[in-house]
Amino acid sequence: MSENSNLFDLSLRLPLDRFELNIEYTGSARMLGVFGVSGSGKTTLLEYIAGLRKGGRGCLSFSGESWENSKEGLFLWADKRRIGYVPQDHWLFPHRSVRGNLEMGKRRALEVGVDFEAIFERVVEVLELQSTFDSRVDRLSGGERQRVALGRALCSGPQLLLLDEPLASLDRTLRRRILRFLIRVRDTFDIPMVIVSHNPMELQVLCDEILVLEEGRIVERGSPEEIFRRKSMFDTAKEQGFENVFSGILVESLDRTITLELEHEGQPVRLRVPKVEGSVGDRVIASLASDDILIATEKPTGLSARNCIPARIEGVEETELRQFAIASIGEAIPQFVVELTQDAIDELSLKPGIDVYLVFKTNAVKV
Amino acid sequence: MTCLVVAVPGTALAYLLARRSFFGKGILSTITTLPLVLPPTAVGYLLLRLFANDGLLGANVLGIDLNILLTWKAVVIACSAMSFPLFVRTARVAFEEVNPRLEDMGRSLGFGACRAFASITLPLASRGLVAAALLAFTRALGEFGATVIIAGNIPGQTQTLASALFSAQQSGNESVANNLLLVALGVGFVTVYATEHLTRKSQKTKGGSR
Chain V
38 MSENSNLFDL SLRLPLDRFE LNIEYTGSAR MLGVFGVSGS GKTTLLEYIA
88 GLRKGGRGCL SFSGESWENS KEGLFLWADK RRIGYVPQDH WLFPHRSVRG
138 NLEMGKRRAL EVGVDFEAIF ERVVEVLELQ STFDSRVDRL SGGERQRVAL
188 GRALCSGPQL LLLDEPLASL DRTLRRRILR FLIRVRDTFD IPMVIVSHNP
238 MELQVLCDEI LVLEEGRIVE RGSPEEIFRR KSMFDTAKEQ GFENVFSGIL
288 VESLDRTITL ELEHEGQPVR LRVPKVEGSV GDRVIASLAS DDILIATEKP
338 TGLSARNCIP ARIEGVEETE LRQFAIASIG EAIPQFVVEL TQDAIDELSL
388 KPGIDVYLVF KTNAVKV
Chain S
287 MTCLVVAVPG TALAYLLARR SFFGKGILST ITTLPLVLPP TAVGYLLLRL
337 FANDGLLGAN VLGIDLNILL TWKAVVIACS AMSFPLFVRT ARVAFEEVNP
387 RLEDMGRSLG FGACRAFASI TLPLASRGLV AAALLAFTRA LGEFGATVII
437 AGNIPGQTQT LASALFSAQQ SGNESVANNL LLVALGVGFV TVYATEHLTR
487 KSQKTKGGSR
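Residue numbers (this note's numbering), protein chains in the order written: chain V, 38 to 404; chain S, 287 to 496.
Please keep in mind that the hints were generated in silico from the structure rather than gathered at the bench.
Some clues are possibly wrong.
Pair by pair, the computed Cβ-Cβ distance ranges are [unchecked claim]:
hint	chain 1	residue 1	chain 2	residue 2	range
1	S	H483	V	D175	18 to 24 Å
2	S	V476	V	G92	47 to 53 Å
3	S	P386	V	A205	17 to 23 Å
4	V	E263	S	G310	54 to 60 Å
5	V	D175	S	A480	47 to 53 Å
6	V	G92	S	G398	46 to 52 Å
7	S	E482	V	K91	26 to 32 Å
8	V	E314	S	A480	37 to 43 Å
Calculated Cβ distances over 10 Å to all of chain S for the following chain V residues [what the hints assert, rightly or not]:
hint	residue
9	L89
10	G95
11	S100
12	M141
13	R144
14	S193
15	D329
16	G367
17	A381
18	D383
19	K398
20	K403
Think of the CB as a built atom: it goes at the ideal place given N, C-alpha and C, for glycine as much as any other residue.
All chains, full assembly: derive it from the sequences and hints.
And the structure:
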């Protein structure tokens with residue numbers, strides 16, 4: 038397949054109870070995110086791509102291979118599509134152990150010429166499943182179940198991985214941990230993925246392109262960096278837990294804090310953030326709520342907050358519910374969204390092009 | 287014998303009723319359940335009409351004599367007809383308790399429909415199916431009304447536990463009647479207890495691990 042050819046070619050009309058799923062999408066993102074509030078049709082779309090739901094009109098092809106074409110009467114069920122599907126509720130096989138679950142896709146993997154033993158070993162290593170091998174699946178914790186479900190899909194030799202709300206059923210700490218596993222999976226196995234989520238955070242970390250679904254239609258499309266910063270999207274994104282997401286290299290480990298260096302070609306940007314497991318040189322994903330950041334037009338002194346970063350205002354926007362500024366701290370670093378009141382914007386005369394400082398506490402950063 | 291005759295078509299029908307939507311499903315389900323609520327003698331009489339020479343499955347219509355009435359085959363048919371609804375209803379519940387999402391997971395791992403059934407649904411429903419077979423067996427053991435009508439009560443040929451107990455009581459042979467009662471109580475208790483046990487255990491495992 039040439040680099041420019043499209044991975045997905047999808048045209049779908051599928052009547053649902055409240056609305057019609059009406060999707061037109063052609064694209065080549067290897068990590069495609071589908072964002073939307075509950076009931077927007079995300080899971081239905083994923084099940085349709087998986088070949089678990091019939092009854093739509095249209096066509097779907099992946100990587101040049103036609104999976105459905107209602108005009109020609111073509112419909113391949115899930116078993117003919119070579120996908121790996123990880124549903125929100127995991128649905129592990131209760132009559133099999135963890136190992137048994139991982140081996141359920143062995144026959145398909147061998148049929149498509151995948152070295153099952155090699156991929157099995159790799160999956161167990163990457164997802165750290167050794168200690169749970171002989172456990173019954175009903176005795177696993179939520180995070181372990183998620184990893185086994187992911188591992189089961191990977192071991193079947195899929196050419197496309199479909200993840201439905203991979204972090205939704207987990208608490209905050211576990212969510213961070215599973216997110217790290219998902220990043221590992223993305224970087225290790227190089228399998229295209231479609232990730233459905235109502236949480237902007239995981240989509241920002243994992244995806245190349247985001248589709249925003251509203252009542253069964255794609256209303257926005259773009260890169261994660263731009264899409265959640267759009268004026269039209271910000272209120273929804275914020276209600277769904279939008280935070281500024283960035284990654285940095287751990288360069289210094291202190292007693293209760295660490296220093297992260299953000300990738301920047303010019304002056305390195307260093308941030309003091311709460312302590313996290315890891316050693317110097319590790320990449321750390323961090324997030325910062327848009328209403329936890331202060332803006333100062335002059336460098337403040339005598340502050341307890343440990344982070345004071347020079348930035349430039351790129352835009353000031355107003356939505357129905359909020360006002361926010363977009364600030365850039367370096368070319369290769371995603372822009373920061375900062376929520377402000379109109380009074381503050383007026384008093385500081387914030388407008389694009391002015392230099393400011395972003396101020397935030399160490400503990401405001403979540404790692 | 288009755289268990290075998292009931293189990294294979296009963297499993298297929300129970301799966302069909304549990305998983306598929308089709309025209310006439312309600313009617314099919316009602317017809318299947320009917321022997322459970324009809325007087326056994328009515329079912330016996332219906333079977334008698336069916337296998338009589340001028341019946342739909344009789345010698346005059348088929349052109350050959352199946353030689354069913356008053357033979358051991360009639361016992362099997364009567365017992366099967368009476369225990370079939372119990373098997374199908376129990377097996378249907380067993381299949382309904384296996385979440386279809388588990389089959390979907392199998393399909394996403396490359397399983398065809400048959401393999402998904404054999405590797406996922408069947409093992410998960412197996413306790414319920416064994417319970418269904420045990421209940422069917424118990425029902426067949428107690429079957430009397432339909433059997434005496436089409437198979438009679440011929441010692442050594444078509445006599446069942448129930449009809450032997452009836453004969454012993456009628457002829458005043460108390461010791462035989464008592465022994466047969468003990469056998470009926472023992473077998474009934476063990477099978478019903480095993481059924482309860484299996485049903486309880488299967489409810490714990492079928493939902494899938496979420």
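Status of each hint after checking the structure:
Evaluation of the 18 to 24 Å hint for H483(S) and D175(V) yields a pass: the beta carbon distance comes to about 19 Å. Checked against the hint of 47 to 53 Å, the C-beta distance between V476(S) and G92(V) comes to roughly 48 Å, which is consistent with it. The given range of 17 to 23 Å is respected by P386(S) and A205(V), whose C-beta atoms sit roughly 21 Å from each other. Between E263(V) and G310(S) the Cβ separation comes to about 55 Å, which falls inside the hinted range of 54 to 60 Å.
Here the CB-CB span from D175(V) to A480(S) is close to 23 Å, at odds with the stated 47 to 53 Å. The beta-carbon spacing between G92(V) and G398(S), approximately 20 Å, falls outside the hinted interval of 46 to 52 Å. Judged by the Cβ atoms, the range 26 to 32 Å given for E482(S) and K91(V) is violated: they are separated by roughly 40 Å. At about 52 Å, the CB distance of E314(V) to A480(S) disagrees with the hint of 37 to 43 Å.
Listed as a non-interface residue, L89(V) fails to keep its Cβ farther than 10 Å from every Cβ of chain S; the least gap is roughly 5 Å. The beta carbon of G95(V) is kept farther than 10 Å from every beta carbon of chain S, the shortest such distance being approximately 21 Å. For S100(V), the condition that its CB be more than 10 Å from all CB atoms of chain S holds, with the nearest at approximately 17 Å. With a least CB separation of 5 Å from chain S, M141(V) falls inside the 10 Å interface cut-off, contrary to its annotation.
With a cut of 10 Å on Cβ distances, R144(V) falls inside the contact zone with chain S, its closest approach being about 6 Å. Consistency note on S193(V): stated as away from chain S, yet its beta-carbon is not over 10 Å from all of that chain's, at 5 Å minimum. Residue placement check: D329(V) keeps its beta carbon more than 10 Å from all beta carbons of chain S (closest about 34 Å). With a least beta-carbon separation of about 42 Å from chain S, G367(V) lies farther than 10 Å from that chain, consistent with its non-interface assignment.
At roughly 46 Å from the closest C-beta of chain S, the C-beta of A381(V) stays outside 10 Å, upholding its exclusion from the interface. Residue-level check passed: D383(V) sits 51 Å from the nearest beta carbon of chain S, beyond 10 Å. The beta carbon of K398(V) is kept farther than 10 Å from every beta carbon of chain S, the shortest such distance being approximately 38 Å. At roughly 27 Å, the least C-beta separation between K403(V) and chain S is larger than 10 Å, which holds for a residue marked as non-interface.
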